[in-house]
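Based on the sequences and whatever the hints tell you, model everything.
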Amino acid sequence: MTINMGPQHPATHGVLRIVLELDGEVIVRSTPHLGHLHRGIEKLAESKTYHQAIPLTDRLDYTNAMGNNLAYVLAVEKLLGIQVPKRARYIRVMMAELQRIAAHLIWLGTHALDIGAMTPLLYTFREREDVLRIFEEVAGGRLTPTYLRIGGVSKDFPEGIGEKVKAFVQTFPDHIKEYETLLTKNIIWLKRTKGVGIISKEDAISFGVTGPTLRGFGVKYDVRKAFPYSSYEDFDFDIPIGSVGDVYDRYVVRLREMEWSNSIVEQALERLPRGPVLANDPRITLPPKDDVLMDIASLIRQFKIVSEGFRPPAGEVYASVEASKGELGFYLVSDGSNHPFRFRIRTPSFANLSALSKMIEGRLIADVISVIGSIDIVLGEVDR
Amino acid sequence: MAEVNLTVKKLKEKFMNSILEGTTFRNEVTVTVSKGEIFEICKFLHSDPDLQYRLLTDLCGLDFFPQTPRFGVVYLLYSLKSNQRLRVKTRVGERESIPSVESIWKVANWYEREVYDLLGITFDNHPDLRRIMLWDGYEGHPLRKDYPTEGPDFDKPFVPEV
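So the sequences go chain by chain: S and Y.
The opening position of the first sequence corresponds to residue 154 in my numbering, with each subsequent residue numbered one higher.
The opening position of the second sequence corresponds to residue 40 in my numbering, with each subsequent residue numbered one higher.
Among the hints, a few may not be true.
Said to hold, decoys possible - With a Cα cut of at most 25 Å, we get these calculated PhoX-like pairs of lysine-lysine:
id, chain 1, residue 1, chain 2, residue 2
1, S, Lys373, S, Lys354
2, Y, Lys195, Y, Lys145
3, Y, Lys120, S, Lys373
4, Y, Lys145, Y, Lys82
5, S, Lys239, S, Lys442
6, Y, Lys195, S, Lys196
7, Y, Lys184, S, Lys201
8, S, Lys373, Y, Lys195
9, S, Lys354, Y, Lys184
10, Y, Lys51, S, Lys511
11, S, Lys378, Y, Lys120
12, Y, Lys195, S, Lys511
13, Y, Lys51, Y, Lys82
14, S, Lys347, S, Lys330
15, S, Lys196, Y, Lys82
16, S, Lys201, S, Lys511
17, Y, Lys120, S, Lys354
18, Y, Lys145, S, Lys354
19, Y, Lys184, S, Lys196
Derived by calculation from the structure, the hints in this document are not laboratory data.
Here's what the structure looks like:
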């Protein structure tokens, strides 16, 4: 029998459609169909200036907007060869790690909901709201903050945000324990996740799987450690790994990861240096708003950068970050003009999803739900 | 850098005639190769015990319209063993095809389908070469430079018959 799962199915986390060929309740063959959310972001960005493409990146993996911004601005900064002030780098790390916590909280809540545990969702969204409130105050936006700029961040922290972040990082470890009491030793949770979705480590690497899903297999690959960016080398953190790579291992890896993210935020807040938050490069960064209103030179500079953009040297760069789902990379090819010649986005969900068929074939339909939840896809970045 | 130089050196030894150029820009190593031996080169990079580029991080296409050969295919490889990245580039003409590397890295299956879908480059020996983002029956390849950003049917919306 052939059944169609999606694109309107709550457990596919978006508009993924999978055609399942069944023998009884066992899956013989599965064919994912993508593209329902294809917006042509790569094509669209080719006709925009480098500054204008930042808001597009928010809309890739909309649960991890800060991380997406970071990957893109790092790529442009690498292309230009400019340095970012240390305070801006630390603020970026704090925002990216808070965003990772928020993204993992969505994953935990919805993944547990798919498997039948409704309570964790109510708990995780409570803490996610705290993170989004911090974002709202810092950047002015919650889901798509567009906070990062080429050369730094859009504005410095507002008054009193330090105490709010501190209050969050101090209470969050207790909340993780709270989630664990609901799930980690829950017999239904164990039966639905232990031993499900296992493929060999070699296969996982061959399918290009990255992020917590790959680390669940025991492969210690994390871009933050392999190619440290934005001052990650200043912070102490470990990379949690699993052993067999089943759905349960990925769950444990993500929980531990949230604890480490929390610790990184705490370290960054303690050591946050003073200074500017935007590089002072008149060709690239926008002048301060007060100057624009007061003197004609800054006004002209603002107008030139907004309307025309800047022209990086011809060349090609790839910069990647460890996003919440895995390695998110931007491959930019510049021909020396004010918009990219090629704007390629390497998204983690796309590669991770390609391993789905291998993980579910020969298993039951119910396992499809837990496997999709555990590889944590967001269709916004699968389809782009 | 020594490790990367090792890669370039080994490639030049083994595939003397196919390696056209090795460049470094912003500490990223790019090797430009000719299309003929691309499969053998990838296979070598993947399985050589000193190199072991086991992770195909990315595979994408470029359109150099109106130059000839028109297209480029870019492979971004990562070695878990030496923690090095390598970019391999090659050029493909408009009506030519290029060997698929699906049998080396399984993720290439979807990446190559995407390149085929959005740029119209065909891959030989690909097990399942069909569109991935757009629907079957779609005309044109949107990432090509001569394809308008707003779409060819911008002023005449198409409503399928029910």
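### Query
Failing hints, ascending?
2, 8, 9, 10, 12, 15, 16
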